[in-house]
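Each chain is listed here by its residues.
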Amino acid sequence: MTRVVVTGMGWITPLGNDLDTVWKRMCNGESAIALIDRFDASSFPTKFAGQVRDFDWTQYVKDADVHRQPAMNSQFALGAAKQAWEQSGLGSFDALDRDRTGIYLGAGEGVLDFSAHSMIDTHSWDVEDGKVDPVAWAKFASNQLDEWGEVEQEPNMPLWHLAREYGLRGPAFNCLTACAASTQAIGEATSVLIGGDADVMLAGGTHTMLHALGITGFNRLTALSTFDGDPKKASKPFSRDRGGFVMGEGSGMLVLETLDHALARGATPLAEIVGFGSSADAYRITDLHPEGRGPSAAMKNALAQAGIDAQTPTNNPPVQYISAHGTSTQENDFIETMAIKLAFGDNAPKVPISSIKSMMGHLIAAAGSVELITCIMSIQTNMLVPTINLDNPDPELDLDYIPNVARKAQVDCCLSNSFGFGGQNNTLVVKRYE
Amino acid sequence: MSQTGNNQVVISGVGVISALGNGIEPLWEAMLEGRTGLKRIERFDPSGFASQVAGVLSEDEFKVRKIVPKSHRKATKVMCRDTELAVGAAAAAVENAGITTAGMSDEPPTIDPNRMGCHIGAGLISAEVNELGAALVTSKKDDGSFDLDHWGREGMQNLSPLWLLKYLPNMLACHVTIVHDCRGPSNTITCCEASSGLSIAESRRVIQRGDADACLSGGAEDRVNPLALFRQLCTGRLVKTDGSGDMTTIVRPFADDASGTIIGEGGGILLIEDTTSCKNRGGSPWCTIDGIGCRQSSTDSPLEVDSRAIESAINKAMSEADCNPCDIDLIVPFGSGIPNIDAAELEGLTSIFGEALQDIPTIITIPYTGNCMAGNGAICVGVAAKAIKEQMVPARIGTEKTNGINAFKCNATKTSINRVLVVTPSEGGQCVAIILGRIDP
Numbered sequence: 178m179t180r181v182v183v184t185g186m187g188w189i190t191p192l193g194n195d196l197d198t199v200w201k202r203m204c205n206g207e208s209a210i211a212l213i214d215r216f217d218a219s220s221f222p223t224k225f226a227g228q229v230r231d232f233d234w235t236q237y238v239k240d241a242d243v244h245r246q247p248a249m250n251s252q253f254a255l256g257a258a259k260q261a262w263e264q265s266g267l268g269s270f271d272a273l274d275r276d277r278t279g280i281y282l283g284a285g286e287g288v289l290d291f292s293a294h295s296m297i298d299t300h301s302w303d304v305e306d307g308k309v310d311p312v313a314w315a316k317f318a319s320n321q322l323d324e325w326g327e328v329e330q331e332p333n334m335p336l337w338h339l340a341r342e343y344g345l346r347g348p349a350f351n352c353l354t355a356c357a358a359s360t361q362a363i364g365e366a367t368s369v370l371i372g373g374d375a376d377v378m379l380a381g382g383t384h385t386m387l388h389a390l391g392i393t394g395f396n397r398l399t400a401l402s403t404f405d406g407d408p409k410k411a412s413k414p415f416s417r418d419r420g421g422f423v424m425g426e427g428s429g430m431l432v433l434e435t436l437d438h439a440l441a442r443g444a445t446p447l448a449e450i451v452g453f454g455s456s457a458d459a460y461r462i463t464d465l466h467p468e469g470r471g472p473s474a475a476m477k478n479a480l481a482q483a484g485i486d487a488q489t490p491t492n493n494p495p496v497q498y499i500s501a502h503g504t505s506t507q508e509n510d511f512i513e514t515m516a517i518k519l520a521f522g523d524n525a526p527k528v529p530i531s532s533i534k535s536m537m538g539h540l541i542a543a544a545g546s547v548e549l550i551t552c553i554m555s556i557q558t559n560m561l562v563p564t565i566n567l568d569n570p571d572p573e574l575d576l577d578y579i580p581n582v583a584r585k586a587q588v589d590c591c592l593s594n595s596f597g598f599g600g601q602n603n604t605l606v607v608k609r610y611e
Numbered sequence: 241m242s243q244t245g246n247n248q249v250v251i252s253g254v255g256v257i258s259a260l261g262n263g264i265e266p267l268w269e270a271m272l273e274g275r276t277g278l279k280r281i282e283r284f285d286p287s288g289f290a291s292q293v294a295g296v297l298s299e300d301e302f303k304v305r306k307i308v309p310k311s312h313r314k315a316t317k318v319m320c321r322d323t324e325l326a327v328g329a330a331a332a333a334v335e336n337a338g339i340t341t342a343g344m345s346d347e348p349p350t351i352d353p354n355r356m357g358c359h360i361g362a363g364l365i366s367a368e369v370n371e372l373g374a375a376l377v378t379s380k381k382d383d384g385s386f387d388l389d390h391w392g393r394e395g396m397q398n399l400s401p402l403w404l405l406k407y408l409p410n411m412l413a414c415h416v417t418i419v420h421d422c423r424g425p426s427n428t429i430t431c432c433e434a435s436s437g438l439s440i441a442e443s444r445r446v447i448q449r450g451d452a453d454a455c456l457s458g459g460a461e462d463r464v465n466p467l468a469l470f471r472q473l474c475t476g477r478l479v480k481t482d483g484s485g486d487m488t489t490i491v492r493p494f495a496d497d498a499s500g501t502i503i504g505e506g507g508g509i510l511l512i513e514d515t516t517s518c519k520n521r522g523g524s525p526w527c528t529i530d531g532i533g534c535r536q537s538s539t540d541s542p543l544e545v546d547s548r549a550i551e552s553a554i555n556k557a558m559s560e561a562d563c564n565p566c567d568i569d570l571i572v573p574f575g576s577g578i579p580n581i582d583a584a585e586l587e588g589l590t591s592i593f594g595e596a597l598q599d600i601p602t603i604i605t606i607p608y609t610g611n612c613m614a615g616n617g618a619i620c621v622g623v624a625a626k627a628i629k630e631q632m633v634p635a636r637i638g639t640e641k642t643n644g645i646n647a648f649k650c651n652a653t654k655t656s657i658n659r660v661l662v663v664t665p666s667e668g669g670q671c672v673a674i675i676l677g678r679i680d681p
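As given, the protein sequences belong to chains H and D, one line each in that order.
Quick note: to get the working numbering, add 177 to the position in the first sequence (first position is 1).
Quick note: to get the working numbering, add 240 to the position in the second sequence (first position is 1).
No wet-lab data here; the hints were simulated from the structure.
Among the clues, some could well be false.
Okay, derived cross-link-like pairs now, DSBU-like style, lysine-lysine, Cα gap no bigger than 30 angstroms in a straight line [to be verified]: (1) K306(D) with K308(H); (2) K279(D) with K308(H); (3) K316(H) with K279(D); (4) K314(D) with K303(D); (5) K303(D) with K308(H); (6) K316(H) with K381(D); (7) K380(D) with K308(H); (8) K641(D) with K654(D); (9) K480(D) with K308(H); (10) K585(H) with K477(H); (11) K201(H) with K527(H); (12) K380(D) with K224(H); (13) K201(H) with K239(H); (14) K317(D) with K380(D); (15) K316(H) with K480(D); (16) K224(H) with K381(D); (17) K308(H) with K317(D); (18) K316(H) with K380(D); (19) K381(D) with K308(H); (20) K314(D) with K308(H); (21) K409(H) with K527(H); (22) K629(D) with K654(D); (23) K477(H) with K527(H); (24) K527(H) with K585(H); (25) K519(D) with K629(D); (26) K519(D) with K477(H); (27) K409(H) with K224(H).
All chains should be modelled from the sequences, with the hints used to inform the complete structure.
The structure is reproduced here in structure tokens:
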């Protein structure tokens, strides 16, 4: 049976742009949420977010010119991938077979030029017809839009940038299942490795919707927090007064390898991917199934694939940490708690759970990859990061959410959840490499 | 992590939707006759665009409200055109496969919903400019500039609350899984033209590893709106045309004088099924999926494709199918008419088949339907499955003369087809090769 291990990790996040800095800040329970300064959001219902700062993508590539002007999601991907690639040691492994090295990303679209689009749509608006004059629209678009910028909108562009940077020619996929995308990408990348089509997969996610139209869309959905206080207190998963998610952005990348390949080249496995479960709610376009049908199925499938019996009552549950999807919306946190109970039975209260979205916001398509890295860091350091802003617990949510303060614990096995708008649910189980 | 074997997988239902109609039959009939679905765009005035032709399905021929269950009719209001096409193609695939699904019938579902997956390729869904423009214009200042402050305070309220959900790529799969109650693994692949083929590869992998018995699989996309058309023009890949002239020769795959491709709307959803599952329910598979290869180009531009990636993908597919080049009876290349992509595809195919490439018949769909992007590969696979079933190669249009590949204009021909190779390279450099096999009569 082919085993799959992680040999490299990297992230670009609102809390920082390297493994150690972000980990330390999470262990300290720090928040990266602040007022948005990428555009003037002062009149928007939501004025704050978790924004990546002090990041220069050109420092993470061999030759910036070959990438022209990557969209921000590709910039983040290049930054995170460089860290993962270096940690894995593949940068100095000359014998790497690039035809057997693939990529599976859960990457979002590029950043829309809202300023230009708003100008084009309004200037081409035909008041009498009550619609855009397409002839005028085409003229304004030709003048206003950057052609390369529009090409960079395609969600598979980060894939191309990474393939170009590292010369990778193996199987390549990009999926976009909203907030579940990068967990799904890592799970399916693992499946590609087990299937024998590659020795190495660069997998993860990257996304930013931190632009005027992105905030608009989520504000209209009433999914975003409109908290009227200190932005650092806005993201409060599992709290009684949670009021929606807080937008974040960034990228998480992992190098996955078959164990045989990793050991043969002398690499150090950081952890082993042992389970992946995927399901669809098939319920409604806006709501989670009220009984947590989809999320519990994803968790149960992942645990079964890992060969873990999570339900037999024990004082030492086989999973020592759950990285929750934990968005801080009323619905998600309630349903996820219910689904965890369905998957873990009487053991559920004994498994520590936290949501790092309380500290860095929701990285949308990239969230799952960053959260899986958090799990692996927990295994490496035997530390569990907290859910901050959990000062007013919801009495209906009665599990151990690691409130406010990090905790030392023996951590050998973790589970990471990601659930997307549209009903896609994905869960990964990762273990200490033995 | 456990993963079971390499169960054989079949295509047991085909749903295709294109400019030539709703279903595989109207497309196939048109292809037998050599009748194209391309024409000057009528959905909006395209005069301001350099490329004014597309493959568009008549609105009279397809109304999504008529094919969804009553419980889902309200949700059609938040479907973009891409989603409508996917839902239409999925309904056709389910009907064609002869299965019942919980969303479509009161009868018990033929396949356990928990064992039914869904993998649908989708594109970068472009916002409808009239819908967004109607909201944006409320924040236009008297001097003509846009008032972001007003937009944040009031203007955005003119957008429908569910506006964003209309344009998320995974909404194609979301609606299809709800309509057909597919609760198994579901994914949305967004790799331009390779999206459908990669989705089919993923469905097959999911079934082979034992996580599902069947999957609705394929892709759909609509690029026939101002923003999407503009974005494709930015790639420099479209034929410049005002819509006059012969529509059957506007896309000329593999021709020396090819000048680009034409956009289209459409796609295909297939029921991909474990052979045993299909047999046990008494299904009638169209063909087997014998091999799939997926590879990435490592090029200097995302608008180029590496012939080496095409060659490698085909070799991988042939290895899985345990066949040699001489076993391939029919090729369905991408054949977009984009000169640099055609050249890479021809080089990749020639490296596999050598001079014999000139003797292998081909089917090329884009001169009929336009390039349906994320849906294109599934249309190609659907047509390939139909060719196996009918033992027939339909007429080719578009090109009078080609060098090195049997892709020039010809009439439909009856022939023996046991194995078909479908090749799709994409913008962004992903390449997929799929080999379908005839089921022994």
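Enumerate the violated hints, using their earlier numbering and listing them in ascending order. No numbers; nothing is violated.
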